[in-house]
Amino acid sequence: MLFFSYFKDLVGREVTVELKNDLAIRGTLHSVDQYLNIKLENTRVVDQDKYPHMLSVRNCFIRGSVVRYVPLPPEEVDIELLHDATRREARGG
Amino acid sequence: MSTGPGLESLVDQTISVITNDGRNIVVFLKGFDQATNIILDESHERVYSTKEGVQQLVLGLYIIRGDNISVVGELDEELDSALDLSNLRAHPLKPVIH
Numbered sequence: 001m002l003f004f005s006y007f008k009d010l011v012g013r014e015v016t017v018e019l020k021n022d023l024a025i026r027g028t029l030h031s032v033d034q035y036l037n038i039k040l041e042n043t044r045v046v047d048q049d050k051y052p053h054m055l056s057v058r059n060c061f062i063r064g065s066v067v068r069y070v071p072l073p074p075e076e077v078d079i080e081l082l083h084d085a086t087r088r089e090a091r092g093g
Numbered sequence: 001m002s003t004g005p006g007l008e009s010l011v012d013q014t015i016s017v018i019t020n021d022g023r024n025i026v027v028f029l030k031g032f033d034q035a036t037n038i039i040l041d042e043s044h045e046r047v048y049s050t051k052e053g054v055q056q057l058v059l060g061l062y063i064i065r066g067d068n069i070s071v072v073g074e075l076d077e078e079l080d081s082a083l084d085l086s087n088l089r090a091h092p093l094k095p096v097i098h
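The listed protein sequences correspond, in order, to chains A and B.
The numbering of the first sequence is UniProt numbering, which starts it at 1 and goes up by one.
The numbering of the second sequence is UniProt numbering, which starts it at 1 and goes up by one.
Next up, chain A with everything else stripped away, as it sits in the complex (with noise of 0.2 Å):
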């Protein structure tokens, strides 16, 4: 649930999603779910010479199984928080 809550802060930012079949897509994040399922538009792939499948897609919904990474900047994750958190989550769950 931790995650869950932490994407639906994000909503409205700009990301990358980085999905386990290599392909990167850039979009602003619309809305998550339970399971992590990643809604984004204004979708760009993106290296879009490589992968042009993707050139007539500008919102799409990515299962959140086949999400490897979600980068982010570091000035705007609060680590700290974070961490405890996590750790809270962790002794809890």
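To be clear, the hints were calculated from the coordinates, so they are not data collected in a lab.
We treat Cβ as the ideally placed atom computed from N, Cα and C, and that holds for glycine.
Don't take every hint at face value.
Unchecked claim - Derived DEER-like restraints, expressed as beta-carbon distance ranges:
#1 T50(B) / E89(A): 41 to 49 Å
#2 N68(B) / R44(A): 39 to 47 Å
#3 R26(A) / G66(B): 23 to 31 Å
#4 G53(B) / R88(A): 48 to 56 Å
#5 S9(B) / K8(A): 16 to 24 Å
#6 N68(B) / P73(A): 29 to 37 Å
#7 I39(B) / V46(A): 27 to 35 Å
#8 L82(A) / E77(B): 35 to 43 Å
As the list claims (entries may be wrong) - Residues on chain B that point at chain A, a partial pick, calculated with CB under 8 Å:
#9 D33
#10 T36
#11 I39
#12 Y48
#13 Q55
#14 L57
#15 S70
#16 V72
#17 E74
#18 L75
#19 L79
#20 A90
#21 K94
#22 P95
#23 H98
What the hints assert, rightly or not - Below, computed lysine-lysine pairings styled on PhoX-like, alpha-carbon distance capped at 20 Å:
#24 K50(A) / K94(B)
#25 K50(A) / K51(B)
#26 K94(B) / K51(B)
#27 K51(B) / K20(A)
#28 K50(A) / K20(A)
For this one, chain A is given, so just place chain B on it according to the hints.
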């Protein structure tokens, strides 16, 4: 709150599905469920290769099990018609490795 971003907004629209084995299927989304199993009508697969232009294989009515789906994208018809598929060369997408 728990259903969050469903695929509801994409039903009865043309979408591009990327499957776990790297296939790209352009379809008409007819239905879906919580496990992301989807029902697709008038589907055709786009096969990309570096040697020849994009091939389109007609598939028809399909159900794809949610486990095998990576991305469901809303296809923008205008952008898609601007694409010159016969001149598009690309490596096929890689399969998903968990």
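Legend entry - Consistency of beta-carbon spacing, R88(A) to G53(B), with hint 48 to 56 Å: holds (55 Å)
Legend entry - chain A contact restraint on Q55(B) - CB to CB distance below 8 Å: violated (13 Å)
Legend entry - Interface hint status, E74(B) versus chain A (Cβ within 8 Å): holds (4 Å)
Inset, instruction - With chain A as the partner, please determine if Y48(B) meets the hint condition of a C-beta pair closer than 8 Å. - result: Hint holds; Y48(B) Cβ to chain A Cβ min 6 Å, cut 8 Å.
Inset, instruction - Go ahead and decide if the range 29 to 37 Å is satisfied by the Cβ distance of N68(B) to P73(A). - result: holds (33 Å)
Legend entry - Hinted contact L79(B) with chain A - closest CB pair below 8 Å: holds (4 Å)
Legend entry - Verdict for N68(B), R44(A) (Cβ pair) under range 39 to 47 Å: violated (25 Å)
Inset, instruction - Evaluate the given range 23 to 31 Å for the C-beta pair formed by R26(A) and G66(B). - result: Holds, at about 25 Å.
Legend entry - Proposed interface contact between L57(B) and chain A, which counts if any beta carbon pair is under 8 Å: violated (15 Å)
Legend entry - Closest C-beta approach of A90(B) to chain A relative to 8 Å, hint status: holds (5 Å)
Legend entry - chain A contact restraint for S70(B) - C-beta distance below 8 Å: At about 4 Å, which falls below the 8 Å cut-off, the nearest Cβ of chain A leaves the hint on S70(B) intact, so it holds.
Legend entry - Straight-line alpha-carbon gap K51(B) to K20(A), limit 20 Å: violated (25 Å)
The structure fails hints 2, 9, 11, 13, 14 and 27 (numbered hints given earlier, in ascending order).
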